[in-house]
Amino acid sequence: MDRVPSYALHTLATLASILEAVLGSDLVGLYLYGSLTQRAFDPARSDIDCLAVVRGHPTPPACARLRRRLMRAASSDRWISRVQMQILLEQRLLRADRRGARYQFGTLRPSGSDGNPLVWMNVLASGVTITGPRPATLLPPITRDMVDAALRRELEYLRTEISDPASPWRRRQFYRAYAVLTLCRILYTSRARKVISKPRAAGWALRTLPIRWHPLIRAAIASDRGRKASMALADIARLIAFADERLSAPA
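Going letter by letter, the sequence shown gives residues 2 to 252 in this note's numbering.
There's no promise every hint is true.
[As the list claims (entries may be wrong)] Just the calculated beta-carbon pair ranges, DEER-fashion:
(1) 233 to 76: 16 to 26 Å
(2) 134 to 194: 32 to 42 Å
(3) 78 to 219: 33 to 43 Å
(4) 216 to 166: 17 to 27 Å
(5) 78 to 216: 32 to 42 Å
(6) 108 to 215: 30 to 40 Å
(7) 62 to 40: 35 to 45 Å
(8) 45 to 22: 52 to 62 Å
No wet-lab data here; the hints were simulated from the structure.
Cβ coordinates follow ideal geometry from the N, Cα and C atoms, glycine included.
The whole structure should be built from the sequences, with the hints applied where relevant.
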């Protein structure tokens with residue numbers, strides 16, 4: 002917990018209290034991961050990433066109560082609206098499921114899960130248990146095939162947004178930076194079989210990838226730090242193709 006700033010600890014305690022009050026014994030655990038636990042948190046830009054594990058799919062009345070409680074909490078704690086929390090079913094972890102919910106941008110909505118093992122690798126490596134059992138006790142084994150499939154899904158998500166002229170995301174500079182830094186992390190995880198922060202993965206990429214990618218990666222780092230930087234869609238698309246080739250190469 003010493004890695005977590007005091008303001009975030011207060012927000013997480015509030016979040017756990019709300020979940021326990023609404024879900025009662027159906028709440029299994031709440032786990033913090035991401036930039037806050039990887040020493041990469043930017044108070045001006047970063048999210049507070051959490052996973053909540055529950056025993057059963059929250060009912061519509063429970064979701065309505067949870068939504069109201071979170072809205073009230075956000076009115077007195079500005080960090081609540083920076084929480085990005087996925088609610089997952091205990092018996093469906095690491096499995097695709099259409100049930101569950103996500104709290105993001107201050108709104109709670111139904112949301113399925115693609116069973117992403119990368120998130121759980123992040124939790125296991127550097128996450129913090131806010132309440133509940135150790136996360137390792139909840140999870141089935143994470144296999145190499147699971148990780149490879151998840152990396153491929155992330156790559157295809159990025160390809161879809163960057164290549165689709167109708168996508169609202171690809172026009173936004175923050176998303177272009179996010180895409181480049183995520184590609185760096187995809188390549189790192191494919192090589193090292195570990196999950197690290199996007200800034201650390203970008204540093205690894207600058208030390209490891211061919212020099213032709215360095216201007217794009219440096220631009221993404223600058224943009225992520227709030228500075229203006231140019232990242233052409235064509236260059237990002239070429240980096241996606243490069244990452245695709247790396248993922249497809251024999252181990």
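Checked hints:
no.	hint	verdict
1	233 to 76: 16 to 26 Å	violated, 41 Å
2	134 to 194: 32 to 42 Å	violated, 25 Å
3	78 to 219: 33 to 43 Å	holds, 36 Å
4	216 to 166: 17 to 27 Å	holds, 25 Å
5	78 to 216: 32 to 42 Å	holds, 40 Å
6	108 to 215: 30 to 40 Å	holds, 38 Å
7	62 to 40: 35 to 45 Å	holds, 40 Å
8	45 to 22: 52 to 62 Å	violated, 31 Å
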